[in-house]
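Visitor: These are the residues of each chain, in order.
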Amino acid sequence: MTEFITQRLFQGVVVLFLVSLLTFFLINLAPGGPSSLIDFQSTAAEREARLARYGLDKPVHERYLNWLGGIVRGDLGTSINQGLPVSQLLMQRLGPTLWLGVASLLLAALFGIVLGIIGALWKNRWPDHLVNTIATLGMSIPNFWLGIVAIIVFAVQLGWLPSSGFASIGSGFDLGDRLAHLLLPASVLAFSLMPNVTRVTRAALLEVMTTDYVRTARSKGLQENRILGKHILRNAMVPVTAMLGLITTVLFSGSVVIESVFGFPGIGRLAIEAANGRDYPVILGVTLLAGLIVVVVNIVVDILYAVIDPRIRHD
Amino acid sequence: MISTEKASLPAQESSRDLGRFMRRVLRQPLGIAAAVLLLLLLALITFGPAFLEHSPTRTNPLATLQPPSASHWLGTDELGRDVFARIVHGGRVSLSVGLFSMLVGLTIGIAIGGSAGYFGGKVEGALMRLVDAFMAIPTFFLILVIVTSFGNHPVTIILTVGLGFWAQMARSAHAEFKRFRRSEFVEAGRALGGSHLRLMGRHILPQVLPQATVLGTLGVGWAILTEAGLSYLGLGIQPPLASWGNMLQNAQAYLWSQPMLAVWPGVFIAITVLAFNVLGNSLRDLLDPRS
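Protein chains in written order, with the numbering used here: chain Z, 1 to 315; chain B, 316 to 606.
If you're looking for bench data, these hints aren't it; they were derived computationally from the structure.
Certain hints may be false.
[What the hints assert, rightly or not] Example chain Z residues on the side facing chain B (calculated, C-beta under 7 Å, incomplete):
#1 Gln-92
#2 Gly-95
#3 Phe-144
#4 Ile-148
#5 Ile-152
#6 Val-156
#7 Phe-252
#8 Ser-253
#9 Val-256
#10 Ala-275
#11 Ala-290
#12 Val-295
#13 Ile-299
Because the structure is a prediction, the values reported are computed rather than measured.
C-beta: ideal position from N, C-alpha, C; glycine also.
Same shape as in the complex, but just chain Z (with noise of 0.2 Å):
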C-alpha cells in the first residue's frame, strides 16, 4: 500500500511539473506574451526597468527556473495589474470558488445518482428514456446561457433570488443569505455535471446487477431493496466514486463561466480578470493551482479506490 501511494504521489508530482512547464512555456514563447507589456508609450529606461521589475530581462529558461524556485518556497510572483502577491489573490478568491464547488458537486451527485438509479431500475423503459432525456439536455444545454434565463426567470420576472454576487454588500456572514446566493450558480453547474454521475451511475448498477453474489443473493431469498442497498448500490458507488477526478477538472471548467455569468468572486472569475488584464503571473497561478487541486483530487480518489477494491494495488 505505501508503494502504491509513493507511486501515486511521485506520478503527480510529475504531471504537476508537466503543468507548470506547460503553462509557462505557452505564455512565455507566445508572440503576445509577457513581452508586449512593453508596448507603452515609454522611454528606453522606462522599459528597462519594467522588464527588469518582472524579471523580463533574463533568458526565458531562467525565469523558469525563478518561478519554479519561488513556488517551492510558496510565492507565485506578483501581480501585474493589482500589485499584490499572486498567492494572496488566490487564498481571497478560493473560498467561494469553494463553497459553489461543493454545492454544485453535492447536487450533482445527489440529482446524478438518483436519476441514474431510476434508470437502471426501469431499463429500456419510459423512465429510462426520461432519464436519458435529462441527460442529454444536460449536456447539451450551454450552462451560462441556462444561468442567464434563470436570471431572467427568479431574478427579474420573480424577483426570488439575487441575480449576482456572493453575499448581500454590508451585511456579515448570514448562512440563509449565502445559500440564497449559491443556489442558483450551483443548481446551475450541477445541471451540467449531472450527466457524467447519471451515465456512469446506470452503467455500474447495469454491470453490478448481472454479478454472480448479486444472483446469489436474490436466490438466497433476500428482499429486493436489501439487495439493491446492500450488495448492488455498494458496489456500484466504486466507479462513480473514481470519476470524481474528471468531475472537478469539469467543475473547474464550467465555475469560470458560471462565476461570470453571477458575477461571483471566484478563481474562475479571477482567471477571467487575468485574462482580459493580460495579467500572467496570475494566469500562471490560477491554471497551477486548478492543476493542483485535479491532481491531488485523483490521488485521494486513487487511494480510496486501492482501499475498497484491493485488485487496483496490485495491477
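Could you slot chain B onto chain Z? The hints should help.
Guide: Relative to chain Z, chain B alone:
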C-alpha cells in the same frame, strides 16, 4: 453449379449485410431526426445569407432593440442589427469552429495516443504523461492561457478548442492501438515488411474509426459549447463578426428590457449541440457494439 454458388456468395452476403445495416439504422429514429435537423441547419447557414434581407453587421440607430416583426423576424439588437441575420451568420462561425476544432483534436489525439499505444515502452510512458498533464488542467484554463498568449484570431480559436479536446481522444486511441498492435493481422502486415506508419495507418486506424466517429460527433457539440462560452466571455470570436456566443455577451446587458435577445442564440446553440449529442449516441449504438 457449386462453383457459381460460391462465387455469388460474397455479393449476396454484402447486400444482405447492407440490408441488415439499413434495418439497424432505421431502429435509430432519434439519430435520423438529429441528422435531418443538422442538414437543415447546414442548408440554412450555407444558402440562407443569399436570401437574407438584412446584413448581419449593418447598424441602424433608429431601430434598436425592436421586437420581432415581419421585417425583423427575431427583432433587432442594441445597435439595430437584425438578430435573425446574425443568428444565420453566427451559425456559420459557430459550426465551422466546432467542426474544425474537432478535426484538430481528433488528429492530434489519434497521432499521439496511437503512437503511445503502438510503440509502448518509454514512448508510451512519456506521451501518456503528457496526456495526463493536459487532462489535469481544466480545459477552460488551458484555453484561457492559450488565448491570452496567442490572441483570438478565429484560426487560433479553432486550434485552441481542438487542443482542449485531444487528450480525451488520445486516451481512447491509446487503448485501441495497444489492443491491436499484437493482433494477427498487424503481425501479418509486419511480417510482410510493412513500415510502422503503414501498420498504424492502414491496419490499425480503420479499427479505431468507428469509435473516432462517435467521439468526433460528440466532440463537435462540445466544441460548439466551448467556443460559445469563450466568445460569451469576450475571449473568443470578436465582434462585429457574429457568433452565437458573442451575441449572448451583448444580450446580457439587456436582460431587464429585452430578455428575448438572450434567448435566441442560446436556443440555437442548445438545439445544435443536442442534435450532435443525439446523433453521436445513435452512432455509438450503431457502430460501436462493445460499449
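Visitor: For each hint, tell me whether it holds in the structure or not.
Guide: Okay, the hints, checked on the actual structure:
This hint is violated: Gln-92 of chain Z has a C-beta 18 Å from the nearest C-beta of chain B, more than the 7 Å allowed. Using the Cβ-Cβ criterion of 7 Å, the hint placing Gly-95 of chain Z at the interface with chain B is not satisfied: the shortest such distance is roughly 18 Å. Proximity of Phe-144 of chain Z to chain B holds as hinted, the smallest CB-CB distance being about 5 Å (cut-off 7 Å). For Ile-148 of chain Z, the shortest C-beta to C-beta distance to chain B is roughly 5 Å, which falls under 7 Å, so the interface hint holds.
Contact between Ile-152 of chain Z and chain B, as hinted, is supported at the beta carbon level, the nearest pair being about 5 Å apart and thus within 7 Å. A hinted interface residue such as Val-156 of chain Z counts as satisfied when its beta carbon comes closer than 7 Å to some beta carbon of chain B; here the least separation is about 6 Å, so the hint holds. Because the smallest distance between the Cβ of Phe-252 of chain Z and any Cβ of chain B comes to about 4 Å, under 7 Å, the interface hint for this residue holds. With a cut of 7 Å, the hint placing Ser-253 of chain Z at the interface with chain B holds, because the nearest CB-to-CB distance is about 4 Å.
Restraint check, Val-256 of chain Z versus chain B: the minimum CB separation of about 4 Å is within 7 Å; hint holds. Interface restraint check: Ala-275 of chain Z against chain B, minimum CB-CB distance 5 Å, threshold 7 Å, status holds. For Ala-290 of chain Z, the suggested interface contact is upheld, since its CB lies about 5 Å from the closest CB of chain B, less than 7 Å. This hint holds: Val-295 of chain Z has a C-beta 5 Å from the nearest C-beta of chain B, less than the 7 Å allowed.
Annotation: Ile-299 of chain Z was flagged as interfacial toward chain B, and the flag is violated, the nearest CB pair being 11 Å apart, outside 7 Å.
Taken one by one, the earlier hints fail for this structure at numbers 1, 2, 13, listed in ascending order.
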